[in-house]
Amino acid sequence: MVIGAGAVGAAVAFFASREGLRVAVVDRGPIAGGTSSAGEGNILVSDKEPGPELDLALLAQRVWREDLAEHAALWEFEAKGGLVVGATPPAVAALAGLTRRQRAHGVEVTDVTAGELPAHEPYLALELAGGAHYPQDAQVQPMLVVAHLLRLSRSSGATVTTGAEVTGFLRHGDTVTGVRTTRGDIGAAMVVNAAGPWAGAVSELAGAPVPVLPRRGVVLVTQPLPPLVRHKVYAAEYVGDVASSDAALQTSPVVESTPAGTVLIGSSRERVGFDRTIPPEVPATLARKAVALFPRLASALALRTYFGFRPYCPDHLPVIGPDPRAPGLWHACGHEGAGIGLSVATGKLLAQGMTGRDTELDLTPFAPDRFATAPPVP
Amino acid sequence: MRSSDVLTADVAVVGAGPAGLAAAGEAAAAGLDVVVVDAGARPGGQYWRHGPGAEGPAPGTHGRGTFSTLRAGLGRHGVRLVCGHQVWQAGRHDDGFVLRLRPVHDFPHDDAVERVSARRLIVCTGGYDRQLPVPGWDLPGVMAAGGAQALLKEYGTVPGQRVVVAGTGPFLVAVAAGLAEAGARVVAVCEANAPVRGWLRRPLAALGEPAKAVEAVRYAAALARHRVPYRTRTAVTRVHGDDSVRAVDLTALDHDGRPREATRTTVPADLVALGWGFTPSLDLLLTLGAATRLDGDGSLVVRVDDGQRTTVPGLYAAGETTGIAGATQAVREGLLSGLAVTADLGRAGRTGDGVDAGPSRSRRAARLRSGVRRGRRFAEALHAACPVPAGWTAWLAGDTVVCRCEEVPFAAVCHAVRELGAEDPRTVKMLARPGMGMCQGRVCGFATALITRHLTGHPSTAEALSAFGKRPLAAPVTLAELAASDDRTAPRTAPWS
Numbered sequence: 001m002v003i004g005a006g007a008v009g010a011a012v013a014f015f016a017s018r019e020g021l022r023v024a025v026v027d028r029g030p031i032a033g034g035t036s037s038a039g040e041g042n043i044l045v046s047d048k049e050p051g052p053e054l055d056l057a058l059l060a061q062r063v064w065r066e067d068l069a070e071h072a073a074l075w076e077f078e079a080k081g082g083l084v085v086g087a088t089p090p091a092v093a094a095l096a097g098l099t100r101r102q103r104a105h106g107v108e109v110t111d112v113t114a115g116e117l118p119a120h121e122p123y124l125a126l127e128l129a130g131g132a133h134y135p136q137d138a139q140v141q142p143m144l145v146v147a148h149l150l151r152l153s154r155s156s157g158a159t160v161t162t163g164a165e166v167t168g169f170l171r172h173g174d175t176v177t178g179v180r181t182t183r184g185d186i187g188a189a190m191v192v193n194a195a196g197p198w199a200g201a202v203s204e205l206a207g208a209p210v211p212v213l214p215r216r217g218v219v220l221v222t223q224p225l226p227p228l229v230r231h232k233v234y235a236a237e238y239v240g241d242v243a244s245s246d247a248a249l250q251t252s253p254v255v256e257s258t259p260a261g262t263v264l265i266g267s268s269r270e271r272v273g274f275d276r277t278i279p280p281e282v283p284a285t286l287a288r289k290a291v292a293l294f295p296r297l298a299s300a301l302a303l304r305t306y307f308g309f310r311p312y313c314p315d316h317l318p319v320i321g322p323d324p325r326a327p328g329l330w331h332a333c334g335h336e337g338a339g340i341g342l343s344v345a346t347g348k349l350l351a352q353g354m355t356g357r358d359t360e361l362d363l364t365p366f367a368p369d370r371f372a373t374a375p376p377v378p
Numbered sequence: 001m002r003s004s005d006v007l008t009a010d011v012a013v014v015g016a017g018p019a020g021l022a023a024a025g026e027a028a029a030a031g032l033d034v035v036v037v038d039a040g041a042r043p044g045g046q047y048w049r050h051g052p053g054a055e056g057p058a059p060g061t062h063g064r065g066t067f068s069t070l071r072a073g074l075g076r077h078g079v080r081l082v083c084g085h086q087v088w089q090a091g092r093h094d095d096g097f098v099l100r101l102r103p104v105h106d107f108p109h110d111d112a113v114e115r116v117s118a119r120r121l122i123v124c125t126g127g128y129d130r131q132l133p134v135p136g137w138d139l140p141g142v143m144a145a146g147g148a149q150a151l152l153k154e155y156g157t158v159p160g161q162r163v164v165v166a167g168t169g170p171f172l173v174a175v176a177a178g179l180a181e182a183g184a185r186v187v188a189v190c191e192a193n194a195p196v197r198g199w200l201r202r203p204l205a206a207l208g209e210p211a212k213a214v215e216a217v218r219y220a221a222a223l224a225r226h227r228v229p230y231r232t233r234t235a236v237t238r239v240h241g242d243d244s245v246r247a248v249d250l251t252a253l254d255h256d257g258r259p260r261e262a263t264r265t266t267v268p269a270d271l272v273a274l275g276w277g278f279t280p281s282l283d284l285l286l287t288l289g290a291a292t293r294l295d296g297d298g299s300l301v302v303r304v305d306d307g308q309r310t311t312v313p314g315l316y317a318a319g320e321t322t323g324i325a326g327a328t329q330a331v332r333e334g335l336l337s338g339l340a341v342t343a344d345l346g347r348a349g350r351t352g353d354g355v356d357a358g359p360s361r362s363r364r365a366a367r368l369r370s371g372v373r374r375g376r377r378f379a380e381a382l383h384a385a386c387p388v389p390a391g392w393t394a395w396l397a398g399d400t401v402v403c404r405c406e407e408v409p410f411a412a413v414c415h416a417v418r419e420l421g422a423e424d425p426r427t428v429k430m431l432a433r434p435g436m437g438m439c440q441g442r443v444c445g446f447a448t449a450l451i452t453r454h455l456t457g458h459p460s461t462a463e464a465l466s467a468f469g470k471r472p473l474a475a476p477v478t479l480a481e482l483a484a485s486d487d488r489t490a491p492r493t494a495p496w497s
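Chains A and B, in that order, are what the protein sequence lines are.
Numbered per the working numbering, the first sequence finishes at 378, counting up by one with no gaps.
Numbered per the working numbering, the second sequence finishes at 497, counting up by one with no gaps.
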């Protein structure tokens with residue numbers, strides 16, 4: 001029983017049903033109606049320091065490229081590679097330090113001099129100091145990922161119920177035995193909390209809280225353009241912004257094309273709860289920074305903006321695994337801005353755990369009760 | 001930024017059609033400082049479109065006298081008109097609203113206004129033709145009925161020799177009459193419903209608007225004079241042609257609105273004007289968070305109280321955005337919103353004339369409110385008599401393009417629903433891309449919602465339609481303009497800091 005029909009819930013359903021488990025997915029909204037419809041579809045290794053999240057990202061690389069290779073075209077998997085650029089020699093030196101650590105950890109990355117940048121991206125601004133190329137970075141259309149993973153799950157016997165909000169948990173003592181929803185009770189031996197930015201609220205219902213909070217992001221979309229941006233291109237500052245816990249608005253330019261020809265421009269981070277009012281300076285700032293990276297974008301038309309809420313934990317690591325405080329409850333949430341990329345690794349690990357096998361990756365760093373000793377800042 | 005780039009006012013009005021002109025005149029007459037913004041080169045909107053080389057609507061245009069009166073009032077009361085500008089973004093700011101503007105293509109950029117700030121905002125953005133896809137509708141020679149009429153009004157040209165006008169609603173008759181008077185051969189007007197019969201079911205509502213009856217009689221007479229055949233319960237079910245329209249299939253519809261194949265005939269034509277009612281332009285209102293409802297014609301419209309106030313404090317809406325009901329109703333609602341904004345800002349009203357003090361203003365407001373209610377009943381009767389036929393999707397083929405910008409065929413929409421699990425229009429858009437292109441679903445949004453409803457069996461909801469229709473950028477804007485709109489100053493350590 002999976003709560004949440006987003007990328008993570010769909011991946012859990014896919015791998016669990018492939019393992020022969022009987023799976024029911026519920027979501028209070030439509031499929032892929034939350035954060036999964038509000039991102040760029042990143043599958044990145046470049047923005048991660050060595051550590052448990054990078055381990056998870058490297059596992060995800062194998063799952064996307066090997067386990068799911070036959071389905072890649074369904075969700076527009078594009079191995080476009082990432083290009084990280086620095087404007088100043090200090091920024092490039094810091095980036096080189098990161099690439100050295102990442103390389104030692106198994107990431108494929110090549111440092112790029114200022115003179116070599118045009119060979120990678122001909123339309124980049126000229127005054128950049130250097131960068132790094134990450135061939136493993138890739139992109140998918142996240143809504144198609146969700147829809148097809150759920151479709152494949154259904155063909156393995158899974159059910160998907162939308163418009164059903166979880167209102168409580170069925171218990172036998174401490175043990176979770178199912179959920180109450182607005183469309184009736186559903187019994188289950190295992191319940192997976194994959195509710196994205198709402199996972200914190202779901203965990204409260206289960207009496208086993210995990211501190212997942214929303215961090216708003218806005219994406220700006222241009223008209224379809226002739227090929228202008230080849231990679232996912234972003235500024236070295238992005239890595240620092242991702243790891244930061246600042247509540248105030250942070251923006252660092254992230255620019256990439258999609259198969260439809262549009263250019264997606266991010267990224268912004270704000271901790272403003274679930275506020276759905278976007279201040280006009282956010283898209284304006286994104287536009288200014290994107291033009292600083294790619295001057296030719298100045299005359300491109302912006303057609304729309306969209307936004308969503310990244311589900312983040314105070315230590316910026318996801319929550320994956322069984323919850324010892326409520327036997328039967330499993331978590332797969334808190335992936336912040338990396339949820340699409342990490343979804344399939346999460347699903348595979350959880351399916352391994354739920355069928356009683358050793359997981360490919362040690363889940364200890366992602367333990368749901370790791371916050372118990374250090375209560376989160378509200 | 002030059003100071004003239006930024007205008008400040010008590011009241012900003014978006015749209016200089018019937019509702020906007022009435023609203024602006026009323027508020028300005030009470031002594032309020034008013035700015036009106038419109039994308040057209042001159043005020044009047046779609047309804048009072050200016051004739052070729054002439055100032056004002058062509059002679060014979062319905063309500064031309066009202067236009068002249070309203071237009072003169074703007075000048076007398078010092079309303080500032082910003083024509084040739086689109087509003088691309090609306091936001092709340094402190095106690096009021098900020099509109100960001102960009103000049104339309106052929107406007108001299110030296111006189112461009114970038115921003116309007118106002119304590120109150122009245123949105124009178126009207127509506128546009130509602131379209132339903134039909135095989136071949138992407139051929140040159142197929143137009144929106146309103147588009148054909150606009151060409152006629154503005155340039156005096158008819159872009160075809162043999163014309164078929166089809167869809168539903170009395171607007172078809174107006175368009176056909178205009179085309180026939182201008183010399184085009186209108187070979188058929190195809191009305192999908194049998195509105196006269198529907199009409200008879202609500203006689204009181206129809207009697208409530210005698211001016212409309214006069215208008216209808218005039219158009220009917222024009223059609224009779226030009227021997228234009230008027231077919232009820234008939235639709236254009238296919239458009240034939242290679243490079244442009246050559247002929248159309250006309251098919252009678254059964255009581256469920258499904259085409260009766262046996263009745264299909266093919267008629268040569270080189271221009272097809274299609275109209276299925278109108279879609280209100282809600283971009284600014286949705287972005288500002290105004291609450292909505294579904295109107296009788298299936299359109300998403302904004303909720304207003306009896307002073308045209310939306311659920312957002314300080315934000316008013318008048319005209320088609322509150323429900324498609326025509327120009328007469330739009331003028332009433334515009335006046336009412338002007339009165340309400342005056343009262344809400346604590347002005348005595350009509351200070352210049354010194355005659356229209358409180359009591360008479362409240363009498364006028366009461367009269368207008370009862371007129372608005374009458375107009376609403378008339379519109380409801382019209383919507384009930386001229387629905388989109390329930391079975392219209394039967395004339396779609398798998399390869400019929402639903403979204404022209406992104407070239408999404410009907411089959412792709414079916415795939416998104418049947419195979420991929422989409423259950424609402426927004427999810428269909430995300431999975432199959434209708435509404436993702438240049439027009440952002442303004443053309444295909446209504447049809448996509450109806451197709452989704454047809455395929456899923458779930459009724460459309462205001463929530464689902466507003467999820468599809470939310471457009472934070474109300475018009476495309478270059479990244480350079482977008483970047484320049486942020487005038488906060490901050491220290492920069494890198495080009496993108």
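There could be a bad hint or two in this list.
Listed below are the simulated SDA-like cross-link pairs for lysine to any residue, each with C-alpha atoms no more than 20 Å apart in a straight line [as the list claims (entries may be wrong)]:
| hint | chain 1 | residue 1 | chain 2 | residue 2 |
| --- | --- | --- | --- | --- |
| 1 | B | Lys470 | A | Pro327 |
| 2 | B | Lys470 | A | Ala201 |
| 3 | B | Lys212 | B | Arg361 |
Ranges of calculated distance between the beta carbons of each label pair, as one might list FRET restraints [what the hints assert, rightly or not]:
| hint | chain 1 | residue 1 | chain 2 | residue 2 | range |
| --- | --- | --- | --- | --- | --- |
| 4 | A | Pro324 | B | Ser117 | 28 to 36 Å |
| 5 | B | Thr311 | A | Pro314 | 30 to 38 Å |
| 6 | B | Ala411 | A | Ala260 | 16 to 24 Å |
| 7 | A | Val272 | B | Ala112 | 31 to 39 Å |
| 8 | A | Phe274 | B | Asp242 | 48 to 56 Å |
| 9 | B | Ser370 | A | Phe274 | 56 to 64 Å |
A short list of chain B residues far from chain A (calculated; beta carbon distances all over 12 Å) [to be verified]:
| hint | residue |
| --- | --- |
| 10 | Ala422 |
| 11 | Arg433 |
| 12 | Gly437 |
Worth flagging that the hints you see were computed from the coordinates, not collected in a lab.
Think of the CB as a built atom: it goes at the ideal place given N, C-alpha and C, for glycine as much as any other residue.
Hint check:
1. Lys470/B - Pro327/A: violated, 42 Å
2. Lys470/B - Ala201/A: violated, 27 Å
3. Lys212/B - Arg361/B: violated, 27 Å
4. Pro324/A - Ser117/B: 28 to 36 Å: violated, 57 Å
5. Thr311/B - Pro314/A: 30 to 38 Å: holds, 36 Å
6. Ala411/B - Ala260/A: 16 to 24 Å: Between Ala411/B and Ala260/A, where Cβ atoms are some 18 Å apart, the hint holds.
7. Val272/A - Ala112/B: 31 to 39 Å: holds, 33 Å
8. Phe274/A - Asp242/B: 48 to 56 Å: Once the Cβ atoms are compared, 53 Å apart, the range 48 to 56 Å for Asp242/B and Phe274/A holds.
9. Ser370/B - Phe274/A: 56 to 64 Å: The hint (56 to 64 Å, Cβ to Cβ) is violated, given that Ser370/B and Phe274/A are roughly 42 Å apart.
10. Ala422: violated, 7 Å
11. Arg433: violated, 7 Å
12. Gly437: Check fails; 8 Å does not lie beyond 12 Å.
Checked against the numbered hints above, the structure breaks hints 1, 2, 3, 4, 9, 10, 11 and 12 and satisfies the rest.
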